[in-house]
Structures are given as C-alpha cells and as structure tokens.
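**Student:** Each chain is listed here by its residues.
There are 2 protein chains.
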Amino acid sequence: MAARQQLTPVLRRLKLTRASCPSISRQCALRRSLSPPARCFSNSRRQQFQKTSPAAAVQGKLTSETYPDLKRDSRFAQLTEEHVAYFRQLLGSESAVIDGVTRSDAADDIEPFNTDWMRKYRGHCRLVLKPGSTEEVSQILKYCNDNMLAVVPQGGNTGLVGGSVPVFDEIVINMGRMNKILEFDEVSGTLVAEAGCILEVADQFLASKGYIFPLDLGAKGSCQIGGNVSTNAGGLRLLRYGSLHGNVLGIEAVLADGTVVDDLCKLRKNNTGYDLKQLFIGAEGTIGIITKVSILCPQRSPAQNVAFFGLESFEQVQRAFREAKGQLSEILSAFELMDESSQALVRQVTGNKRPLEGEYPFYCLIETSGSNADHDSEKLQAFLEDVMEKGIVADGTLAQDETQIRSLWAWREGIPEALSHLGGTYKYDVSIPLRELYQLVEDTRARVEAAGLIGDTDEFPVRAVVGYGHMGDANLHLNVSTRRFDERVEKVLEPFVYEWIAERQGSISAEHGLGLMKKKFIGYSRNPTMVGLMKNIKTTFDPNGILNPYKYL
Amino acid sequence: MAARQQLTPVLRRLKLTRASCPSISRQCALRRSLSPPARCFSNSRRQQFQKTSPAAAVQGKLTSETYPDLKRDSRFAQLTEEHVAYFRQLLGSESAVIDGVTRSDAADDIEPFNTDWMRKYRGHCRLVLKPGSTEEVSQILKYCNDNMLAVVPQGGNTGLVGGSVPVFDEIVINMGRMNKILEFDEVSGTLVAEAGCILEVADQFLASKGYIFPLDLGAKGSCQIGGNVSTNAGGLRLLRYGSLHGNVLGIEAVLADGTVVDDLCKLRKNNTGYDLKQLFIGAEGTIGIITKVSILCPQRSPAQNVAFFGLESFEQVQRAFREAKGQLSEILSAFELMDESSQALVRQVTGNKRPLEGEYPFYCLIETSGSNADHDSEKLQAFLEDVMEKGIVADGTLAQDETQIRSLWAWREGIPEALSHLGGTYKYDVSIPLRELYQLVEDTRARVEAAGLIGDTDEFPVRAVVGYGHMGDANLHLNVSTRRFDERVEKVLEPFVYEWIAERQGSISAEHGLGLMKKKFIGYSRNPTMVGLMKNIKTTFDPNGILNPYKYL
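Sequence lines, in order, name chains Z and L.
At position 286 of the first sequence (counting the first as 1) the number is 286 in UniProt numbering, and the numbers step up by one without a gap.
At position 69 of the second sequence (counting the first as 1) the number is 69 in UniProt numbering, and the numbers step up by one without a gap.
Note that these hints are calculated values from the structure, not bench results.
Nothing here was measured: the structure is a model prediction, and the numbers come from that model.
Glycine included, C-beta positions come from ideal geometry on N, C-alpha and C.
Where hints are given, some of them may not hold.
[To be verified] Label pairs and their in silico Cβ distance ranges:
#  : chain 1 : residue 1 : chain 2 : residue 2 : range
1  : Z       : P433      : L       : T529      : 37 to 43 Å
2  : Z       : G532      : L       : T529      : 23 to 29 Å
3  : L       : Q439      : Z       : G532      : 36 to 42 Å
4  : Z       : E487      : L       : A207      : 51 to 57 Å
5  : L       : A446      : Z       : I181      : 32 to 38 Å
6  : L       : E312      : Z       : G532      : 45 to 51 Å
7  : Z       : G523      : L       : V187      : 24 to 30 Å
8  : Z       : R72       : L       : P528      : 33 to 39 Å
9  : L       : P433      : Z       : R322      : 36 to 42 Å
10 : L       : G351      : Z       : A382      : 42 to 48 Å
[What the hints assert, rightly or not] 27 Å max Cα-Cα, derived DSS-like pairs, lysine-lysine:
#  : chain 1 : residue 1 : chain 2 : residue 2
11 : Z       : K538      : L       : K142
12 : L       : K535      : Z       : K535
13 : L       : K538      : Z       : K142
14 : L       : K390      : Z       : K209
15 : L       : K538      : Z       : K390
Full structure from sequences and hints, please.
**Tutor:** This is the structure we're talking about:
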C-alpha cells in the first residue's frame, strides 16, 4: 500500500480531499440480512403496502392476500402425513425436515423459509426439506413430480423479487446443507462447489489461494452460489469479470422428474452440442434445481484503489466513464453512480460526514484492481490529473487505506439500507442505453413533482426520487422513497416507468430477475415470440409445472 | 513502442536473444484460405483418405461417398424449377441466386459453396441463395419448411468439421450479402452487425474507434461473425476476453418456420427470462439462422508485447503459465504452447531461421496487451527475470517491433499450414485439465512408436505426432502428420484418443464444434441425458429437421 502514498502530492495539487472515515462500514452493508429493513413496495398494489416496522412486517400479509388474483393451482396435491413420512425416511436426519404438517408447533421454525428477506412476500408452506446430496434432491423431485407436489427451490433467500419463497403451500427445498467446496484447481482457477455454499465462504476460500470469486454483491454473507447462478446475479464487478454466462463452466442440476443433468464441466472450452447449462443460469429454479457449480475464478489483484468524485452533470459522468475506461482500462474494476438525493438519504440515516466537502448533483465511485500497486497508482494519478484538468470532475477523494476503501464503498452500498429505514420504496432495477440512463430518474422526478406528490414535509407522500447503480453495466436502480402508501404515487409511476424503458429497448429487470414481482411485466422487455419460446422450454423441462410455480413466466 | 527498448538490458543480462525475423508472416497464416492446403483426415475411414495435392482435392470425393452409411433423408423434397422460380422472384437480384437446377453451366459457380475450406467435405447442392435481409431469410425458411426443403446455413465456410457445406442436395443459404455494420456505441463498446460481416472487417472498424473484437482467429480474413457465433469460435485471445457466451449481448435469428427471433439486446444485463440466445451460440445453424449479432467489445490496448520461450519440460510450461498469470495478470492476453515437433515442421516447410538458437522440448508464446507501454514492459521485465532466475525458462526472445511480433506469432499460427503442406493430418481439437494436457501427445506418440509406425524415412506412415494449442484455455491441438493413408495408424489412434479424453472428462471438440466430423463422437464428451435434452431442443426449434441435417447430434 506504500505506493498509494505517492498520490498525496497530486491530491494536494488538484485539491482532492482525503477520504473521511464515516462509521457506516461496508461490512455493515454486507450484513444487511441481520437487520431486516422496512418494506419495499415496488410494483405494489394498495394491498401490498406494508408498515415500515420490521416487527409489523413479520406479521405481514400472505402473498396470497396481497395478490388476490393468484389462485392455487388445483392440479397440485395437498400435503399429507404419508408424504411427510416418505421424506422423513428418505432424508433420515431430523434436521433435514421441518415438518409443519404433523407438528403443530413448527410454525416459528418454518416462518423464515416462508418469508423473503424484505418481508414483502410470505407463503404458507408447511414443509421444508434440506437435502444433503444430489441423490436426495433427485429422489425428492421424482416423488414430488409423481405425486404432483409443487416445490420452491431456495438458496440464501436474499432475492428481491419474491422468487425464493412459496406463494401458497409449495414445499421449500432449501439447499443450505449442500454447502461444500468440492475441488479447486490452482493452475486454471476452476472452483467446484455445492449449490448451498455461501458466496462469502467461497470467496474467502479463494482468497487463501490468491483467487477471487468473479461475483460480488451486498448479500454475499448470506446468498448461496447456487442461488447466484440460478438468478444470474450481476453485482458490483461485472464490469471487470463479466457475467456468469461467461464464467460458469458447468453445472449439475436435477430436473423436475428427478433426472440428474451432469454438465459439471471444468473446461473453458467444450463445443460439443447446445450449451444447456446456460438455460439454468437465470432460470430461477423453474426448469431444475442446480446442485453443483463449476466456475472459473480470476486471480485476486493485490493492489486496490478507490476514488470518489463529485460531478456537475450526467454529461460529465459519461465523460468520466469514457476516460476511466480508456485510461484505467484493464485495472478498472468498478464504476458506480450515485446521485445527490441518494447520498443525502445516506447522510440523513447514518449521520456520517460526507466524503467530499461540497454537494454535487452526481457522484462516482471508481475502483481499480491490479497486480502492481505502483503502476496502478501511477495510472490513477494520471487519470485524476486529466479529469480534474479537463474539468470533468469537480472534486474528488482517494482512499488511503483499507478502512477508507470500505468507508467510501459504504456511501454506495449503504443506499438500499438507508432507504429501507425511511419508509416504503418503489424499487426499479433497470438497464437502459448509457446515454439515457439518468434521464429516467429526471423524467420520473418531474412526473412526481408535476403531480405535487414530492416534498420535504409530511404532507407529501414522496420523500425523494433517487438514482444510483452500476454505471459500468448501464444498470440503474431507480428508487422512489415514500412516507406512506398513496395510490396517486403508484399511478404516476406505473406503467410510466415500464413504458419508458420499453421505448428504449431497456430491461425491466437488469439483475434482480423476474420472480413473482416482475412476472407480469416481462412483456415490456421481451416480445411475444421470445416469451412463447421460453414457455416451450419450461414445458420441455418441467411438464407438470411443479418447479417454482406462479412465477417467472 | 519506446518503452520496449528498456527491456534490452535485461535481455542481455539474462542472455535472452532478440527475435529473428523469419519470412513467414502472420499475415500469411491469416490468409490461409487463399491457398488451399492438403487434406486433413481426422477421424477418417479409409474412403476419407485423400491425396495431398490441392488440385486432386478439388476433384475429391463427395461426402456421400466417403460416408456411405449416410443416406439422404427421403422426407426432404427434391428441388424443382418451381422452387427455384419462387426464390428468384423472392430475392430479385440475379446475384442472389446461384441456380444449378435450371442452368446446366452453374457447376463451377456452385462448387465453392459445396466444398469446405480443407476440401475434405463435398456436397452436391444445386442451389445457393444469398439473402440480403432478415425478411428474406425468413421467407426462404418459411418456404423451405412448408415444402420440406433441407438447408445449410453458411458463413465464411472456414469451419474444420464439415458443418457449413451440404452433405447431399441441401440448399445453401449463404449469409455473405448481409455484411453491414449497423451500429456502434462508443461509450459502452457495443457493436451491432449483420451475420455476414467478415470478422476482420468488424475488427478494423473497431480499431478505428479504439476498440477490438473480443475474438481473433487465423481465418479472420474470411470467417463471418454470424458463423463465429454459430460455432462458438474460441481462438487466440479467449484467455483474456472470455467466450462468446459472455460477450454476445444479443442476436437476431430466424427459426426453421421463418419466425424471426428478435433478441438483439444491446444491454450488458437483462434478467428477464431464459437466456435463449445462448442456445444459438454454438448451435451450428441447427436451430435457426443467426442474422444479426450484438456484441460487447473491449477497448483496444495501445501497448503489445510478445515473448517466445524455450522450456525443458511440460512441468516447466505449467510453472511458466502460473507465473505469467500471477505476474502479468491483467495484461496477459495469450499464452500459447508449441512442442518441438511442431516447430521442426514449421522450420522444415518455411525454411525460416528459428527464433531461438537452441532446440527445446517445448516453446511458449506469451502476449501482453495493456494501456501503458512502460508499465507493461516493467511487468514483463520482472516476469522475465523471475522465470529465468528460477530456471523455469531455458531461453527466450522478445519482439522489438510489430514485424517481430508477427514473426513470432507465425511460429504458432503457421503450424496448421505447415502440416497441411506435408501430407494428411489426423487433427484432434481437445480440452483436457491442464496438468494432463500434454500427456495425451506423449501417450499417443508412444502408441504410434510401439506399433512401429513412426519414423524419419518413407517406410513409416507417420511423420510426427505434434502438440500445440491455447495453453491458457487448456485447449490442445493434437495433430498426427502422415505420409500416406495407413489403416494401422487409424486403428492405433481411434478410439484410443477419444477414450483417453473421456476418461479425464475432457472435451473431444474444444473449439471446432461437431459438424459432420464429430457428430458420432459426442458420446465421449456428453452423457445420454445431455444428448437427449439436446435432441428435445432441436425438435422444439426445428420439428421438420430442415436445418443443417445429418450433422451435430
């Protein structure tokens, strides 16, 4: 880290301030699952609105009540004691079956599996199975398929669209017990692990070998790699390491009828037929349950730098991004965007001193990861001089050590948590061609303002319209923070936001997936031909439709 | 390039020699399609053996003769004048239809579309269609599907497994007229182009914008990006830029019944349903014809270095690879392997002076691409010192300019061409876990030796067993160079090679695909469950089986 000191002169010359050390730590943001936040109510209808107190949320409505149009599929059987007896005998271990069918006192044990992290979705399943092997997953599914029992595959249950919890009484198949790291090749960097392996555990194992998991996201302490692959998680460093479609080398999965698909390839290249594993990446458990994953991991970069900038316009943000791509090139590992509204909320909730002295309409967080600290610092120094001299960046600060790196990241990663403490939030996770990325926030804010719904005082239902996200991936998180449910807000937002995105061939779900929340909005991002083909795929792989029903398509 | 001069002292100190400038240029290797080489006869049966003279090869046997077990599918209609009239009227332009049905003098015009680049496969189609738009492709396919006319989609026809030419009288749909670059976003680096766009044309266009196509291969002057995507081409820099599954953002394709699948997404992230485009990547035109491609292109690196090493053992090659990954890390863009046999053949054919003075059992070519020439040179210098001091590398040379870079690359890229001038070659394009990569060459050579089939004089049918390939991707090209066809050679090689690979969960086709050549060997790399699922996919997308029949599965 000595090399980083070299930057001090240029910082002084350019009047870049040093990073302050606010107490909100990245670790805190990463551990968000420990302190359930208030309700998000993206795409909600009135009945979806929930009180913001976590205690109240635990007692929240059932999904079947908030979505009264959804009816339980009568083709699915009701769970009986006989079914439970079969699973008990199959799985053996007492802890592998949480049985609310024959036990009346199991409700509290089952609740965490019925409810999503945001406490927005709540099923009423009465049976949770925790298989310990692929063979057990296979036998569970075969039995369920033969007996028309619907199931929900569940990983760390950290999803944001209600994909990992039951809607009605679907059996939860929780993968948490299949959590072993199976194999690592130190020459190629190929990791093979069971689906239930926690992302952070895998990454820490890799760190000890000088490698890094090619995916990082706020929920890493709870989410599982099987779930990450099933939802095609994007996260913070896709800009550098690319998508799971490029990094996952193989999977093992179990189909609805119990067939084990062994595609656990460990090779970078294998051009022998259709690349079927790709269908499972992002399928959200609707065509099979991923039981093992083989993934290519890049080497861990010994040098890391984080800079935080204030900018006067989104035009300048785009210029900064182009310059960063050009000048930082192969060492650029993140380029994150935050608007002033988002930072004001973090400040309000944490009370922390801001990284920069002034306020700016936009902020960027730039991270570099490279193999040579001196070289990286030199590149960064040249970049900083350039963007300051060209007037692209108005002010900036550079982390001097690991603590400051975490502090700066917290201003980005702390946004969702800050929002969750302030009330309900309409959350949109979208992808739009870069040049129009922020226009959606401005147009949405203008609509809300025109309707007289936004203001600083309690009379206004909307507190703020904020935008932040992964600039490098053209992935915007548009969040509308509200004080209370107000039907007028929803009418102003929807279908406006979806139509706006569709007009620009954007994606209505860049990285969160479809789940239950966005099932009905897929038509804004996919044409009927595509949706028809997807339905054919679903029917081919799961003809009885027992896998994660009521969701996705 | 000034920075490269800094390396001279270290080169002297380490007794690294400077690169000599052999006259075989990379350009020459790239232009291989201009000078048809002799026959490859991988996986051949006796009747596949062909004389090595290109002239003779042009008059080579029809595929239907070399594969007598293959029978024309009687469900397919015979082409009539009425069919041709329809296509003439549909496509309008005279040059869009090469008609051997009603014209008796069209044979010469049709021949290039009937025969693959190696002149190993030869169909007898009598009609070539060159659509100029997606709508025309759609109408062609709809008509063919309605009338049970089989078709072969064809790009640059540079494939190595017979996938792009007819087996019998299938209509060739050649994409060469759909060759436009449609769109480029200079901020995101997203290129949208028609399928028939030549790879080199796309790359040159990108070069003018400071970007690079994330794929490079010897045939770049002839191959088309639609064909590259359809065959999931790998090539020289997959190590750095990753596979097409990660880089292709969207495709437009036409299904067998004429349905246009518009999945021409330009976004890095779009988690709305199954990622159907992935099925088309590597499907070799069996489920649809790709008409447009959207692809994410990285920025072009201004600095490039190429080093060439001699090493004493494959153990040392592996150590060198690990060190290169660790020390060159984010700037490493290629790590290629060549054994002494392969280099001796290049020397024999070209007569060029070798890059190194001594002979070594193994050679590596290492390329770096980065944004800062000084930094790259410094990293490379440290790496060179390290691998020399540790005795990992026995000798080495570093290109001093662009000409020398091309010269060094020619020793790697010139291998297939050199082989083609020497007689027939059994070619195996395989992927094996890295630590055993070269063992296949040694085991194969030992078998051929034990059978008394290899030697320096004419009495031996086998001239050499050579190994080379993309070390960074664990992709080996095992080539057995022969003087003449000898059934004993084939018996020694097959099924031995395939069984050897299957035992190690390797791939029998790392990057060349299946085509006709490897259709029957898929079972060595894919289990029956996978093959069954693939057949379901084929049936779902192409129920009449009109797309590229007799191949792939």
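**Student:** Among all the numbered hints in the text so far, which are the ones the structure does not match?
**Tutor:** 3, 6, 15
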